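Fit chain B to the given chain A structure using the hints.
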Amino acid sequence: MTHDSRNARFEALLRPHFDALYAAARRMTLSSDDAEDLVQDVALKAFEKLDELEQIEFPRAWLLKVMYNRFIDEHRSSKRTPVDQAATGLDSEEPDDHVRSHWLPEDMFDREVRITRILMAMKRLDSESATLVALRDIEGLTIAELEQITGSPSGTIKAKLHRSRTKLGRLLSSDETLKPELKAIGSAE
Amino acid sequence: MSCDFDKDQLRALARGSLAVTERGNVLAHVDRCADCRAAVRGAEALAEIAARDTGTPPVGLFESVVEKAISQPVRAPRDNRFWIGASFGAMAASLLAVGLFFAWTDSQVPTASVPEFFVSLQEPRQMNLAFETDRVLDGARITILLSGSVEIDGYGPRRELSWTDDLEAGVNRLSLPVIANGFKGGQIVVRLEHPQSEQVFVVRLQVET
Numbered sequence: 001m002t003h004d005s006r007n008a009r010f011e012a013l014l015r016p017h018f019d020a021l022y023a024a025a026r027r028m029t030l031s032s033d034d035a036e037d038l039v040q041d042v043a044l045k046a047f048e049k050l051d052e053l054e055q056i057e058f059p060r061a062w063l064l065k066v067m068y069n070r071f072i073d074e075h076r077s078s079k080r081t082p083v084d085q086a087a088t089g090l091d092s093e094e095p096d097d098h099v100r101s102h103w104l105p106e107d108m109f110d111r112e113v114r115i116t117r118i119l120m121a122m123k124r125l126d127s128e129s130a131t132l133v134a135l136r137d138i139e140g141l142t143i144a145e146l147e148q149i150t151g152s153p154s155g156t157i158k159a160k161l162h163r164s165r166t167k168l169g170r171l172l173s174s175d176e177t178l179k180p181e182l183k184a185i186g187s188a189e
Numbered sequence: 001m002s003c004d005f006d007k008d009q010l011r012a013l014a015r016g017s018l019a020v021t022e023r024g025n026v027l028a029h030v031d032r033c034a035d036c037r038a039a040v041r042g043a044e045a046l047a048e049i050a051a052r053d054t055g056t057p058p059v060g061l062f063e064s065v066v067e068k069a070i071s072q073p074v075r076a077p078r079d080n081r082f083w084i085g086a087s088f089g090a091m092a093a094s095l096l097a098v099g100l101f102f103a104w105t106d107s108q109v110p111t112a113s114v115p116e117f118f119v120s121l122q123e124p125r126q127m128n129l130a131f132e133t134d135r136v137l138d139g140a141r142i143t144i145l146l147s148g149s150v151e152i153d154g155y156g157p158r159r160e161l162s163w164t165d166d167l168e169a170g171v172n173r174l175s176l177p178v179i180a181n182g183f184k185g186g187q188i189v190v191r192l193e194h195p196q197s198e199q200v201f202v203v204r205l206q207v208e209t
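As you go down the protein sequences, you meet chains A and B in turn. Each residue of the first sequence is one higher than the last, beginning at 1 in my numbering. Each residue of the second sequence is one higher than the last, beginning at 1 in my numbering.
What the hints contain is simulated information worked out from the structure, not anything from laboratory work. If you're wondering where the values come from, they're calculated on a predicted model, not measured in any experiment. Heads up, the beta-carbon is just placed ideally off N, CA and C, and yes, glycines get one too. Heads up, a few of these hints could be off.
Unchecked claim - To list a few chain A residues with every Cβ distance to chain B over 10 angstroms, as calculated:
1. D34
2. E52
3. L53
4. I56
5. E57
6. P59
7. T142
8. E145
To be verified - Distance condition first, Cα-Cα at most 20 angstroms in a straight line; then the derived PhoX-like pairs of lysine-lysine:
9. A/K158 x B/K7
10. A/K49 x B/K68
11. A/K45 x B/K68
So that you can see chain A by itself, here it is in the shape it has in the complex (with noise of 0.2 angstroms):
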């Protein structure tokens, strides 16, 4: 096998997915800068995995799941918010301080304040949970691809789902989403 053809089999394999890989990393970074660096970080993971990617009946499906995880996981407390973003103008690269609190109308704002405070509940949820709910709810996969990507029957995928939104819910109804990550590393000897 030659490099030539494998580069084209991943190119070829990747094109058909890339709007929405795009688009999921938008959605969950709010910086076109960030979400290329979502996007790179989830090819090069494809790329690597290519001859297993090819077998798989939803590869969607996998490359989502390889970017929530990853957004989940080393996203947390990124560079900017996304209050950062909606504050200086979305992608503004020098922002001026004058313009910072008026540049978005009101209704604008509040609705960039709102997205930040979701995603910072998301990522209080543990990877998995959070992964599978964006998976499910916000990229809309199916149980039947949730089920091939988990390698979980129907039944937990949506016991899973359920449990997830509930605590996003509860998350978010309270001033829990200000907490700052406290995350276990370790086991105790």
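Structure of chain B alone, referenced to chain A:
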């Protein structure tokens, strides 16, 4: 909590796709079931994210992404990227975390001098504090007090954050994205309170010039 109400109907309610004939019944249930009410709230939030207009990829992005992917087929494992870090900030954060480790069973506050952490005016740097405990600690109160020309990114001008959290047995990492808003630096005090003990950390924040 085990409510056996149809979860698909809750999702449909949140997404506005529930049949009118079923709406009254579902709303009546949600009104009296706190779990399902929270689930609907969560589903509504996710629907709001889903509805965002994201636009299309910039021209040339696909080609650029493919090119980078095929030219870097072998990557170092990324699982520990948080700890290894790609930036000075992450590296400094890791060192700081080591410096602030303590054993919950040892009630003595570390006697080392006040650790320093370098912050930037340009971008938040992740400051990691590691709390170690030999048991689960539910309902620990964590309070953060800030002084000087520093902020926790995403929290605006707030000088104090306080919340209740649960610590797992083992090491628990508290991540704080800290950014400078002036040159004079500052100080951050983190207090962890639990009926069994209380610990206070002080970190001096210096602005990198």
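Cross-check of the supplied hints:
1. D34: 12 angstroms, holds
2. E52: 14 angstroms, holds
3. L53: 12 angstroms, holds
4. I56: 18 angstroms, holds
5. E57: It holds; A/E57 is separated from chain B by about 22 angstroms at its closest Cβ, greater than 10 angstroms.
6. P59: 15 angstroms, holds
7. T142: 12 angstroms, holds
8. E145: Holds, since 16 angstroms exceeds 10 angstroms.
9. A/K158 x B/K7: Satisfied, since the Cα-Cα distance of roughly 8 angstroms is no more than 20 angstroms.
10. A/K49 x B/K68: Judged against 20 angstroms, a Cα distance of about 15 angstroms means the pair holds.
11. A/K45 x B/K68: With Cα atoms ~12 angstroms apart, A/K45 and B/K68 stay inside 20 angstroms; holds.
Of the hints listed earlier, there is not a single one the structure fails to meet.
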